[in-house]
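Using the hints, build the complex out of the two chains.
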Amino acid sequence: MALSGAGEVGFIEEIYYDADGDIASPTWVLIPGVQDVQESATKNVAEIAERNVPEIGVVPTHTSREFTITITKKNGNTNYDALKAAFEDNTRIGIAAMTGPVATAGEKGFQAEAFIVGWDNDGAHEGNSVSITIRPAANATTAADFVTISV
Amino acid sequence: MSEETKQPTTSKTPVTVKELIAKEKADQSWKREPWVGEDGYEYRRQRVQNEDGTFQVFDVRVGIAPRFKQGQ
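In order, the protein sequences belong to chains A and B. Heads up: the first sequence begins at 61 in the numbering used here, then just goes up one per residue. Heads up: the second sequence begins at 9 in the numbering used here, then just goes up one per residue.
Note that these hints are calculated values from the structure, not bench results.
Once the Cα atoms are required to be at most 25 Å apart in a straight line, the calculated PhoX-like pairs of lysine-lysine come out as:
1. B:K33 - A:K144
2. A:K134 - B:K33
3. B:K26 - A:K134
Only chain B is shown next, with the shape it has when bound in the complex (with noise of 0.2 Å):
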């Protein structure tokens, strides 16, 4: 057999975009906790998912006013 005909030994079987979707969809490493920010308004982490199946990460600033932690 020529080395153009030798098959590979090991095959790695192609990633559809559905599959990453679906991976991106369960994972959870992007979550936080909500947290209260140096200006004192309470900050929560959110994602959004687009039309086309992909994720976006963002955080949100909460309430018209600021929040203080507790005890201030």
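Next comes chain A alone, as it looks inside the complex (with noise of 0.2 Å):
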């Protein structure tokens, strides 16, 4: 389902990763066990202080954006080791945060390359999740956009 503009809950997210990194012509697969996603933004911004007015302001720039996915362990599933693969060898991977299925007309999402930059498990023995962290990457073959699916 597209985003309505109504209020959404989140359990529509559809998180997907590119091994090879190649968002321009990528092969996604669905990231499996997804608990939670968190998208981050923030903007840097030049700050201006004129003298004749009373208040900094600022210039948006560059934006920093990062994704928290919690996911539930799974060692031995093929994509949760390529995921954990991904970090520990610090490759390059495609993702995909969209708002639906990711060959449905109509979805929504952002798409870089990026990598793996954190690995938080939750326990050795009792938990059953990790949440992972993504940023994209510099130097990108292919720059991270927002994309729409037009099938």
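Written as structure tokens, this is what we have:
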């Protein structure tokens, strides 16, 4: 379901990865066992303090964006192990954070070449989840951007 | 030997779903370089591997605003 502008719950969010990091023509695979997804984006700003203006003004510049995805630990699962290996080996992957199934017309999302920069295991024995932090990669072959599925 | 008991001289090895998926995974023919549509937007061809292992090809429109060809 595409974003309607009305209030929406988050369980329609679909997160995909592409193992070879090529987002121009990727083969997306759904990240398994997603429990929660959080997107955080902040702008760097240039501050302008003019002597005749009492308030410091800002001009937005770069956007710093990251996704924190909590997934169920699935050691031995091909996709789970691929994500763990990408984190350990600093391998660039593709990431697609979509409003719904990626091959459905009208769905929207953000796609980027990215690195997994955080892998937080919630406990070696009792816990069942891992939070992974994903950020867009520098020197990307294909620039990160918002997309709409046109099919 | 009767007709019923004759063995076929040629037989095709059955193709498994796993083999079909591996073949499809290696297939590069679906790929297309990104292009700019008549609406000025950039388009990209992508595909997804479904949970049953099958693949689905689709196109995405890139960007919030149209991107125009160089020189326009």
